[in-house]
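Novice: Turn these sequences into a full structure, and let the hints guide you.
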Amino acid sequence: MRSLILLLLPWLAVAIHGQSPSEALELTRRDDVPPVSDFLRRAFASDGGEVAQNYDGKNMSSYYTPSLPVNSTLSIDLKQSWNSANVTMFSAPKGEAPRMDFQGLWRDTESKSFYVWGGQFPYLTKPPENDIWRFEIDGNGGGSWSKRSPPNLADLYKLDRATEGAFCQSKTTGYYFGGYANWRTDMSITDKDKTRNVPGLISYDLMTGSINQTTFQGPGNFTFKGGTMEYVPFGPDGLLLVLGGFQGASTETSYGEWTGVDFTSVNLYDIKTHINAKLSFIYGGWVIEESIWNATDDVYVLSLPSFVFFKANDSKSTRRLEQACVATGRQMISVGGTDGRIWPSSLTDKDPWPQGIGIFDMTEMRWSDQYSANADAYESPEVVQNWYSQGNRVDWSSDEVEALFKEYPTNTPISSPNDGGSGKSGTHTGAIVGGIVGGLAGLALIAELAAFLLKRKKRRQETPDPANYAPVSKFGSDGGAHTESAMAQVHEASTNQQSIPVELQGHHGIPEAHSPTPVRHEMAA
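Using mature numbering (1 follows the signal peptide of the UniProt record, and there is no 0), the letters of the sequence shown map in sequence onto residues -18 to -1, 1 to 507.
For the record, the hints were derived by calculation from the structure and aren't laboratory data.
Just so it is clear, the structure is predicted and the values come from calculations on it, not from any experiment.
Each hint should be verified, as a subset may be incorrect.
Straight-line Cα separation of at most 27 Å, DSS-like style, residue types lysine-lysine; simulated pairs [said to hold, decoys possible]:
1) Lys140 with Lys174
2) Lys108 with Lys174
3) Lys129 with Lys140
4) Lys108 with Lys140
5) Lys94 with Lys129
6) Lys140 with Lys176
7) Lys61 with Lys94
8) Lys108 with Lys176
9) Lys108 with Lys129
Label-pair restraints from in silico Cβ distances [said to hold, decoys possible]:
10) Thr241 with Arg130: 33 to 43 Å
11) Ser327 with Ala67: 22 to 32 Å
12) Asp175 with Asp358: 46 to 56 Å
13) Lys61 with Glu364: 21 to 31 Å
The beta-carbon is built from N, C-alpha and C at its ideal position, and this holds for glycine as well.
Specialist: Structural data, given as structure tokens:
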């Protein structure tokens, strides 16, 4: 059975109510996948996360807290068509594996398994040892958890377990960038008012199991949280593309001492040379209205290497942030998320999508509640094809950066068994999942290096008036798109190695085999 491992994005709950541990445990065991009638929100999905639901006709906050940790690993069969109201979720018990929020996840491309590291315990639970956990998929919607001790175990235990960092992977290496440690992530921290920012990049060798940390100069000394990172196959060993998020001090700090990253730029990290590059383009990813933070329902495509944004014109979308997105074929599956209200309203208001699931057609650029196992193969949206066919070109600011985007890694990833939901031939798609806690709200890198992000406004500082919310839209609008913005220039990069082209890979999707000639890539926002 081909299964999709659901990633429920971590979200920080900032208060706790009285709770009976035994009753809470019983409830979560019984209702990790509650009936549609009781379902409220599935916030934070990667393995782990939390689920909010009604219980005996009342919201759980009436009994314990507005949400409870998920005690199982969830999956969906992608060989069958379904809609969001009737989809069957399979569950595998967590066993001794910790129940965490904000974990990083890396898929083993050589076996039916994935690894998790990092994250924080929900509410007031004390964190466990800083271990890496492996989930072995059994092919029937289940599997089992076990620890994986790296050969350099002492180096692992020297690391601070981080939360709210960004993660992605190549075929052979998992990456985790930034984040911070606190008393809910690391046993060595006891002061509940302090955080310890984690600078640099952690790399995990998926073949040998060794883990390493690289520090280097960059934005905020490369302290970072709340954004997203994706692996893109440009340059000799590929590039790491960082979007959104916050920068912090390079030392121990208190909560709130973070500066939002201006979304007029993205940062690139050259894996081979350890050089940081910044890409600038004309686009404002954060919408601020008189200091009010709020989620938005916009979907954009960012095409590489043109760095042009194309906006989907689908009026039937819904406000959403902190969700997980998975691309399979031409369909992107969005799971979970909130509407941007403050806690606990963000968890207690009912999700307009049944079971918190929506499906976005990345070719037609429209939402629906239907997943098709036999959907046509992915093709670039018409608006993107038109842009390139009209002869538009990139205005490079340096020869070095231009050369970087004409090179491709020799270590070409293989196709993923989870990539396609369709048996039809056509353009292959590499799957990506990503949730963003702080500047964006969902990133999926797809075929021809395409990534779809849901742009978000800043979260409200105070509880919003429900009267200010537009009526929730339904599924099924017509597609369409228009060009939103264009790249200004690219700068500050240096490398001129040679390599070959390959399609994109993501957090738990594996890119297709390399093409004999360079290909255009798209990302989305």
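Novice: So, for every hint listed, does it hold in this structure?
Specialist: Going through the hints against the structure:
no.: 1; hint: Lys140 with Lys174; verdict: 21 Å, holds
no.: 2; hint: Lys108 with Lys174; verdict: 12 Å, holds
no.: 3; hint: Lys129 with Lys140; verdict: 17 Å, holds
no.: 4; hint: Lys108 with Lys140; verdict: 19 Å, holds
no.: 5; hint: Lys94 with Lys129; verdict: 16 Å, holds
no.: 6; hint: Lys140 with Lys176; verdict: 19 Å, holds
no.: 7; hint: Lys61 with Lys94; verdict: 17 Å, holds
no.: 8; hint: Lys108 with Lys176; verdict: 16 Å, holds
no.: 9; hint: Lys108 with Lys129; verdict: 19 Å, holds
no.: 10; hint: Thr241 with Arg130: 33 to 43 Å; verdict: 36 Å, holds
no.: 11; hint: Ser327 with Ala67: 22 to 32 Å; verdict: 24 Å, holds
no.: 12; hint: Asp175 with Asp358: 46 to 56 Å; verdict: 54 Å, holds
no.: 13; hint: Lys61 with Glu364: 21 to 31 Å; verdict: 29 Å, holds
In the structure shown, no violation is registered for any of the earlier numbered hints.
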